[in-house]
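Enquirer: Taken in order, these protein sequences are the chains called A and B.
Per the numbering used here, residue 1 is the first one in the first sequence, and the count goes up by one each step.
Per the numbering used here, residue 1 is the first one in the second sequence, and the count goes up by one each step.
Treat the hints with care, since some could be wrong.
Claimed, not checked - For lysine to aspartate or glutamate, the following EDC-like pairs were computed, each having C-alpha atoms within a straight-line distance of at most 20 Å:
id, chain 1, residue 1, chain 2, residue 2
1, A, K215, A, E187
2, A, K4, A, E131
3, B, K93, A, E74
4, A, K86, B, E79
5, A, K93, B, E74
No lab work stands behind these hints: they were computed from the structure.
There are 2 protein chains.
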Amino acid sequence: MAAKVTAIAFDGDDTLWHNERFFTVTQERFANLLLPYAGEGVLERLHATEMRNLRLFGYGIKGFTLSMIETAIEASNGEARSSDIKTVLQWGKEMLQNPIELLEGVKEAIESLRERYRLMLITKGDLFDQESKIARSGLADLFWQVDIVSEKDLETYRRLLSRHAITPDEWLMVGNSVRSDILPAVEIGARAVHIPYHTTWVHEHAELNEATQGKVWTIESMADLPGLVESLT
Amino acid sequence: MAAKVTAIAFDGDDTLWHNERFFTVTQERFANLLLPYAGEGVLERLHATEMRNLRLFGYGIKGFTLSMIETAIEASNGEARSSDIKTVLQWGKEMLQNPIELLEGVKEAIESLRERYRLMLITKGDLFDQESKIARSGLADLFWQVDIVSEKDLETYRRLLSRHAITPDEWLMVGNSVRSDILPAVEIGARAVHIPYHTTWVHEHAELNEATQGKVWTIESMADLPGLVESLT
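Chain A with its partners taken away, still in its complex shape (with noise of 0.2 Å):
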């Protein structure tokens, strides 16, 4: 018999609003303006120059956009102007301020939530940026606890359930990244519920697998998941 779930976490980026989509929108745009210069595969460049970077810059639009300056500069020999250099720096302003889109059904979704459970959000990525994000959300208000993240990892959700003396097993993690919010969360004794976004950003892939039946649960849209939670306790 498993315990009651007193606690649900929710990832924030693909899980309660549009992330993903900024991101790929920019790739396309980006891949577009270095073709005179580099020709294709100027992404699989970019995605090698974010991954190099990532012990640098860590998550977010910040180090995304100092990425796409150090591809450009790189892929085009030298050869991108400053003119391509400063729609690159605009690009990243504009996703700074990207419009807030709720996913469909999360607001009603926490909203039901919130009154028999202690709900968290827990964020992965820019400070600055997150902060702007959950303010813009119209969210805030509704979580317990809001905490930003550099890194989801096993010591990351160690440290916040015993910050906010929660046990494992009274806790349920939400979100869209098997690799992020799912398998460390399992690992730790958690039980999850995977919400699968339509592009995930290939860093964050990772395949559901045998430890992890029985202690996670995959549905289609966040209206699912008050029944479902219901199911649990």
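Starting from the known structure of chain A, arrange chain B on it as the hints suggest.
Expert: Here is chain B on its own, set in the frame of chain A:
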């Protein structure tokens, strides 16, 4: 009779470890790089760009690097070469990897004070970069609480004290910035210790005023802190 101090919070940059001087060195290099294109006055333009971008980028090296790139393109009327932009990018990466050099007396003061007080570290800036600096400082385990915030104002300090169940009259804030560390701490009813750093970013300049009398002490070095705290208690 003032209440007994039970918790002491420290700012990080230029209070525990050197920071601003890395920005100063980079700014000098930046002015030299742009001298052929833009002449004098580049640093004033850089500062104006930083201030304009602050609401989008927040504080930190990544935002500073993006603002340098933007200024390089604009101040040179687009004549800056991509090799110059690449140089600026490289400076940003170097800054993110700068060695952490503690200010004089810091280690000893922290080790002495932690025996009788709950020590907190409250730093402002980029989450990923600050986490990296705290880890490299070797001080992380000496603090009771570590908080990284995007802005240091009344609301931030109120929120942190509330989260950690501390009242302002038992709390002492120690830092180099009158604007970020001293004035808002005094305004919420706490006491503060100002340890001026020889260089302070112009954005952080502020003056001590009448309202801080009897609530703020200025010392020259962290080595003087344990004695001062002792005299308050």
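Enquirer: Okay, which hints does this one fail, numbers in order?
Expert: When the structure is compared with the hints, only number 2 turns out to be violated.
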